[in-house]
Amino acid sequence: MRLKFSGSRVLILGGTCELALCLAEYLIKAQLYPVLSCRNKNGRQQIESSLSAFKEKFETVYLDLNDADSIKSIFSQNNQPDYLVDFAQSNLESLIASESSYDINRYFAENISFRAEIIKTAARGMLKKRRGRLIFISSAAALRPNPGQGFYAAAKLASEALYKNLGLEMGSKGITTVSLRPGYINAGRGENFIKQNKKITRAIPVKRAIEPCEVAETILFLLSESARSFNAVEITMDGGMSAGKLIL
Amino acid sequence: MTIFKKIQDLLAELLDVEKNEISPETYIFRDLGAESIDLMELAVAINSEFNISVIDDDIFLRRLREYISENQSIKKKYPFLSDKRIAEIIKDVGKGPNFSEPVLKVKDIADYIKYIMESI
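Residue numbers (the working numbering), protein chains in the order written: chain G, 1 to 248; chain P, 249 to 368.
There could be a bad hint or two in this list.
Claimed, not checked - Calculated cross-link-like contacts (lysine-lysine; reagent style PhoX-like; alpha-carbon spacing at most 25 Å):
no., chain 1, residue 1, chain 2, residue 2
1, G, LYS173, P, LYS362
2, G, LYS129, P, LYS267
3, G, LYS120, G, LYS55
4, P, LYS339, P, LYS355
5, G, LYS245, G, LYS207
6, P, LYS323, P, LYS267
7, G, LYS164, G, LYS57
8, P, LYS339, G, LYS128
9, G, LYS128, P, LYS323
10, P, LYS332, G, LYS128
11, G, LYS41, G, LYS4
12, P, LYS267, G, LYS173
13, G, LYS128, P, LYS324
14, P, LYS253, G, LYS129
15, G, LYS57, G, LYS41
16, P, LYS254, P, LYS339
17, P, LYS325, G, LYS128
18, P, LYS254, G, LYS129
Stated by the list, open to error - Just some of the chain G residues that point at chain P, by a computed CB distance under 7 Å:
no., residue
19, LEU51
20, LYS128
21, ARG131
Claimed, not checked - Computed beta-carbon distance windows for the label pairs:
no., chain 1, residue 1, chain 2, residue 2, range
22, P, LYS267, G, ASN78, 28 to 34 Å
23, P, GLY281, G, GLN45, 32 to 38 Å
24, P, GLU261, G, ASP69, 28 to 34 Å
25, G, SER229, P, ASP331, 37 to 43 Å
Everything labelled a hint here was simulated from the structure, so no lab data went into it.
For each residue, glycine too, the CB sits at the ideal point set by N, CA and C.
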């Protein structure tokens, strides 16, 4: 099956993570144009070196979850994205009762309020073309967090709710949303966790973690015309882990 | 092209109605059957058509009832409305085929745009 796409410009939030870089390659190979966000110079260099084989087939943009002005530059008049894939998530792993008020507030401001601002701006831009697709990369931990993942799960669930309602409200205008909930992935923070907890993959019915490229392929499909009836919904991709009781 | 004519064009296209059904006195909700999502689209279209930054709450008089019930000055909240129009609105609130439908008229939107363009 050959996937078809109705637009070309794909804004990728959290563009420095391994999944985002992997997705960018898939997008370029599918003739789409990824625009990857980063928080600083290092991030930009990381993206550019990782995608050095694809010069001029992608862009980087600056976006800081603490800096509301950075949204404006991304969504300037002539650069409205057709798609948005949202990997952005700052890190806060700690027990609920042990975290400082300052960090709690900052974390939710960055990961929920700021996200709401971004998807609002993106959707308004997409409204002009009467089409747009937004994919939020959530996590299987949204529903089944480990101890220490309470703030993470809360932010993911709240963000899923924002995406769900956006799809509900704007589906009639051609703007649709999906939240994807991957389970343990062999990349980033997940890879470290799997290394430290080797038994964990035994609890997954398929007995293995997810490879980053599998997630990238799935996102590519979700962006395609074939998947356009998936709207305002959360899809779990965890090898069956969340279907049953955990047997370690 | 006048501000009204441009709004008329935008509304006709967005709501799929005939241009001659839209006059300055036309009610956006009561007559044209617009929904809030349509207004969001209209706001975005006005943003680019007139190159101004629109505040949805203001241009569509979204908090009008709240202000009236709190006895707040409508003139202060919506300086683009004339005194005559404010008197008309206060009389009009609660009327119409469906009393809860907003009093917003096409001319209010035009007046907002004119006000913003003059204050730039």
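List of violated hint numbers, smallest to largest: Hints 1, 3, 6, 7, 8, 9, 10, 11, 13, 16, 17, 19, 21, 23 and 25 not satisfied by this model.
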